[in-house]
Amino acid sequence: MIWPLLEDTIRKGDKLIQDGDLLIVYESHKQMKAVTVSKGGEFQNRYGLFAHNDWIGKPFGSKVTGKKGGFVHLLAPSPQLWTLVLTHRTQILYIMDISFVLAYLEVRPGCVVMESGTGSGSLTTALARAAAPTGHIYSFDFHEQRAEAARKDFERIGLSNFITVTVRDTQGEGFPEEFANEVDAVFLDLPQPWLVIPSVAKSLRADSPVCSFSPCMEQVQRTCEALTTTEFRDLRTFEVLVRTYETHEEYFGTDIGLDIVNNEIEDATLHTPGSSPPHKRLCPTEMKTTSAEEKTTSNKSEVSGKDNWMKKGPKKGRGRGEQPQGSKCSIVARPEAEAKGHTGYLTFARRAV
Amino acid sequence: MSMTNKSSIQSCAEFGSSVLLDINDGDRMTFARLHSTSTLKIGNTKCTLEALVGQPFGAVFEMQSERNSSKLVRMPNVSDVNGRNEKRQQIETDQDSEDVKDRDNRALVDDNKAQTLSSDDIDRMKRDGASGKEIIDALVANSASFETKTAFSQEKYMKKKQKKYAPRVLLRRPSARSICEAYFVKDPRKIGFCRMDTLALMMSLANVGPNSDILVLESLGGLITAAVTERLGGHGSICSTYYTTKRPPIDMVRLLNLDDATALSVLRAPLEKLVAARQSALRSKDQNGVGVAEREALAQALSTLEEPKNSTIGQNATDAVVNDSPSMAVEALSTETPVTESMDVDKETTNIISPAQNTTDGVVEDSQIKDMEAPSTEMSVKQNMDLDQKTSHSLPAEDREEDACELGDKEANPTAVGEGKASKGPRPGNEATSADIFKWANQGFSSLLVAAPELDAWTVVKQLIPLLSSSSPFVIYSPYQQPLAECMFQLQKNNMAIALQLTEPWCREYQVLPLRSHPHMQMSATGGFTLSGIRITNCV
Ligand SMILES: C[S@@+](CC[C@H](N)C(=O)[O-])C[C@H]1O[C@@H](n2cnc3c(N)ncnc32)[C@H](O)[C@@H]1O
Chain A
1 MIWPLLEDTI RKGDKLIQDG DLLIVYESHK QMKAVTVSKG GEFQNRYGLF AHNDWIGKPF
61 GSKVTGKKGG FVHLLAPSPQ LWTLVLTHRT QILYIMDISF VLAYLEVRPG CVVMESGTGS
121 GSLTTALARA AAPTGHIYSF DFHEQRAEAA RKDFERIGLS NFITVTVRDT QGEGFPEEFA
181 NEVDAVFLDL PQPWLVIPSV AKSLRADSPV CSFSPCMEQV QRTCEALTTT EFRDLRTFEV
241 LVRTYETHEE YFGTDIGLDI VNNEIEDATL HTPGSSPPHK RLCPTEMKTT SAEEKTTSNK
301 SEVSGKDNWM KKGPKKGRGR GEQPQGSKCS IVARPEAEAK GHTGYLTFAR RAV
Chain B
1 MSMTNKSSIQ SCAEFGSSVL LDINDGDRMT FARLHSTSTL KIGNTKCTLE ALVGQPFGAV
61 FEMQSERNSS KLVRMPNVSD VNGRNEKRQQ IETDQDSEDV KDRDNRALVD DNKAQTLSSD
121 DIDRMKRDGA SGKEIIDALV ANSASFETKT AFSQEKYMKK KQKKYAPRVL LRRPSARSIC
181 EAYFVKDPRK IGFCRMDTLA LMMSLANVGP NSDILVLESL GGLITAAVTE RLGGHGSICS
241 TYYTTKRPPI DMVRLLNLDD ATALSVLRAP LEKLVAARQS ALRSKDQNGV GVAEREALAQ
301 ALSTLEEPKN STIGQNATDA VVNDSPSMAV EALSTETPVT ESMDVDKETT NIISPAQNTT
361 DGVVEDSQIK DMEAPSTEMS VKQNMDLDQK TSHSLPAEDR EEDACELGDK EANPTAVGEG
421 KASKGPRPGN EATSADIFKW ANQGFSSLLV AAPELDAWTV VKQLIPLLSS SSPFVIYSPY
481 QQPLAECMFQ LQKNNMAIAL QLTEPWCREY QVLPLRSHPH MQMSATGGFT LSGIRITNCV
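Residue numbers (full-length UniProt numbering), protein chains in the order written: chain A, 1 to 353; chain B, 1 to 540.
Calculated from the structure, these hints are not laboratory results.
From the three backbone atoms N, C-alpha and C, an ideal C-beta is built for every residue, glycine too.
One or more hints might be untrue.
[Claimed, not checked] Pair ranges (Cβ atoms, derived):
{"id": "1", "chain 1": "A", "residue 1": "145", "chain 2": "B", "residue 2": "508", "range": "29 to 39 Å"}
{"id": "2", "chain 1": "B", "residue 1": "11", "chain 2": "A", "residue 2": "70", "range": "52 to 62 Å"}
{"id": "3", "chain 1": "A", "residue 1": "39", "chain 2": "B", "residue 2": "186", "range": "56 to 66 Å"}
{"id": "4", "chain 1": "A", "residue 1": "48", "chain 2": "B", "residue 2": "522", "range": "50 to 60 Å"}
{"id": "5", "chain 1": "A", "residue 1": "155", "chain 2": "B", "residue 2": "492", "range": "28 to 38 Å"}
[Claimed, not checked] Negatives, chain A to chain B, calculated, CB over 12 Å:
{"id": "6", "residue": "19"}
{"id": "7", "residue": "42"}
{"id": "8", "residue": "266"}
{"id": "9", "residue": "324"}
[Stated by the list, open to error] Quick partial rundown of chain A residues pointing at chain B, CB under 10 Å, derived from the structure:
{"id": "10", "residue": "63"}
{"id": "11", "residue": "80"}
{"id": "12", "residue": "132"}
{"id": "13", "residue": "220"}
{"id": "14", "residue": "241"}
{"id": "15", "residue": "353"}
Let's have the full structure, built from the sequences with the hints guiding it.
Structural data, given as structure tokens:
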């Protein structure tokens, strides 16, 4: 079905989109949508109408144009993309927490992993991908509709063979007895995870890890108490976040209205292009003059060194207007203004041997 | 629910296993390989690691010295002795600080004047063969001020004395995460200052998972390759490529205890070859279109090439020699093909490969891309032989030295000495066969990970992205932000990728104790940066 990488071990060139495939329609990082391709189907967004028939047979990763002229890209689904497009029925885990959990729980092909609650299945998807094709995820949620909706999602993304969703009040009843000593890792995202710890201890193989995700320190506190009074050791609690950067060209003014030039201080020179460390090549270069004739013709032209920049002048016509007189150009990175300040605490422990 | 899944995770340390030794609750982390001659030195005391063979990972040992000989003795139950459970003991002592039974014979003094036992006394006890525990007990018994101490400081003192007189060793199974964490503390330069959360994020960003073909270009000693290998678990292939004549070491992969299939999934190939083969494959597609029939033909060709996996096989199955005797096989191979310098071969390959004529291009290419030969060496042989006996997997000669260095033993821990190598099973990192290269060239890699801080990110990415199949993700690691920003800018301008994201992970650890929870006082200020994106088709 949909997850190309779980399917055919030998692909023949780029994977082509077929009727019935799930794909991610990518407009921008903030605008993505999961679409199941069907013959005769249509997709509508602000760029107008797209006919699925035009998509079929194209490779994943293709750019397609809508009736109104705008375009989107058609991407093969991955757990990372799925997390960004899935229907939120609960709070979900995002890529940074998910990554850390997978790494710390050492989820790999063949692992049996237990999880509660299923929620929107964001983490479950990543766990399943990591444990496939020989492992399995047993996910428990006491909310019937959510469990059902999650099952449908897993079916849709082609991971249902690796996930069993069971309706169960794990805080009240713990995990099922038949899991005793059979589980390689447990993940908890529950309001009162400490209630489940004794059952987690029974389920885990010796030396196997558990992780509990909780937004509040009070929850962490109680969970740690439960872990330390049960058969756990190696307690560690982390918080992980990401900061993302946007990059662009920026012109920095060099003319501050002074006629007198300070010749005393010479600019420290970078190494000449031949001997320069490669990543310094694009370092800011002062542009003394700009003139229309000097416009670079191609956006694709590669900037390969200081000399090049000096000769050709600054790159222009990139939608940012002319380079102002008396300025120098640099590529800058600035943290995006909005960021998650907190998601939750991740507490890990291993069952004592 | 049936629990038929057999977990593939090794639960006990075996003879020849790679292990991570956590000494005194994380005070020191050390990698070692278990051989009869491996030893561990803590302070001035040295003992063999023999006692660890056959023991479960997670087991705790105490180094006990008696009459000039020391040994590691397994502790009965971990929950009381593990230091990270200090928290637990603290919780209890906090709660029951008035509870006398919690004190009695465990209390100790940290005041010299209150201690009637002199260091001479202790030395004499040692000479007489007293165990660490006996010494600690004596210290307790001879202490005057102990009873006046709070439970908390009693505990702290005990811990201190215990670390000194009866150090604890926790036997851990190495994982990519623990390797990363250990190196980050001990020798971060070696792993390019890549922190474990960054490494973890990279695996997600690059969609690393089973049944994929993953291209890695790294100079972090094998850390990235190790992490990828762990995630693939033998399902799929890893190509750890290199651009230098001498293959940069990926020895960290060998700190993992890989089963044969997984070890064999880790391959190496020079970048030039990969690029040349890919260019050729793409040209062939351009000329012939990407018709279904064409694809089927390719698939057919591929599957014939694929079959020989996991056994030594000649041109046809009857020629197959099961490669139980590696050195013999190598001799046979070496005599058939002249020794060639690897770079020469590469150059030649690049030049020779001309625009493809037809579907047989792959086959032509196959004979042109020849692996170089090397003098026979047991370690360099893999059981996974290709279709063509002329193509050997032997390492270039200069590799043997590089590979001979036991990174875990010699570098991560100068005191744990592993003698010889684990000779059982295949080693990860054999040269890719022409069939492998052909396959990668035709279908493209499904992920790309670059962690080569010494290279200009854009220069590398520009060349490597075309090796990916369309819609495949890539991630570039650097301890520096600027080169990634420039690379991102270029990728954007050249419309080579979408979903570009320059990310800086942040990770903070917490102490969690009743009424005393707070972030650790020390934290790592940076774990590096990642630039990620998804390759798109260029047929615009
Ligand atoms: C925050 S969501 C989990 C989100 C999930 N980790 C994800 O990434 O999509 C918490 C889930 O726990 C479930 N839950 C709460 N209490 C439970 C209980 N006692 N037994 C089982 N599930 C429970 C809720 O129904 C909810 O779906």
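Taking the hints in turn, this is what the structure says about them:
1. Range check, residue 145 of chain A to residue 508 of chain B: about 36 Å between beta-carbon atoms, so the 29 to 39 Å window is met.
2. Taking the beta carbon of each, residue 11 of chain B and residue 70 of chain A are about 55 Å apart, inside 52 to 62 Å as hinted.
3. Taking the beta carbon of each, residue 39 of chain A and residue 186 of chain B are about 58 Å apart, inside 56 to 66 Å as hinted.
4. For the pair residue 48 of chain A and residue 522 of chain B, the supplied restraint of 50 to 60 Å holds, since their beta-carbon distance comes to about 55 Å.
5. The supplied range of 28 to 38 Å is met by residue 155 of chain A and residue 492 of chain B, whose beta-carbon atoms lie about 36 Å from each other.
6. Look at residue 19 of chain A: its CB is around 14 Å from the nearest CB on chain B, clear of 12 Å, so calling it non-interface holds up.
7. The claim that residue 42 of chain A is not at the interface with chain B holds, since no C-beta of that chain comes within 12 Å of its own (minimum 22 Å).
8. Here residue 266 of chain A stays apart from chain B, with its beta-carbon at least about 23 Å from theirs, past the 12 Å limit.
9. In this structure residue 324 of chain A is separated from chain B by more than 12 Å, as the shortest Cβ-Cβ distance comes to about 19 Å.
10. Hint status for residue 63 of chain A: holds, given a least beta-carbon distance of 6 Å to chain B, under 10 Å.
11. Taking 10 Å as the C-beta cut-off, the interface hint given for residue 80 of chain A holds, the closest approach to chain B being about 6 Å.
12. The beta carbon of residue 132 of chain A comes within 6 Å of a beta carbon in chain B, closer than 10 Å, and the hint placing it at the interface holds.
13. With its C-beta approaching chain B no nearer than about 6 Å, residue 220 of chain A sits inside the 10 Å limit, and its interface hint holds.
14. At about 5 Å, the closest approach between the beta carbon of residue 241 of chain A and any beta carbon in chain B falls short of 10 Å, and the interface hint on this residue holds.
15. Of the supplied interface hints, the one on residue 353 of chain A holds, with its beta-carbon coming within about 4 Å of a beta-carbon of chain B, less than 10 Å.
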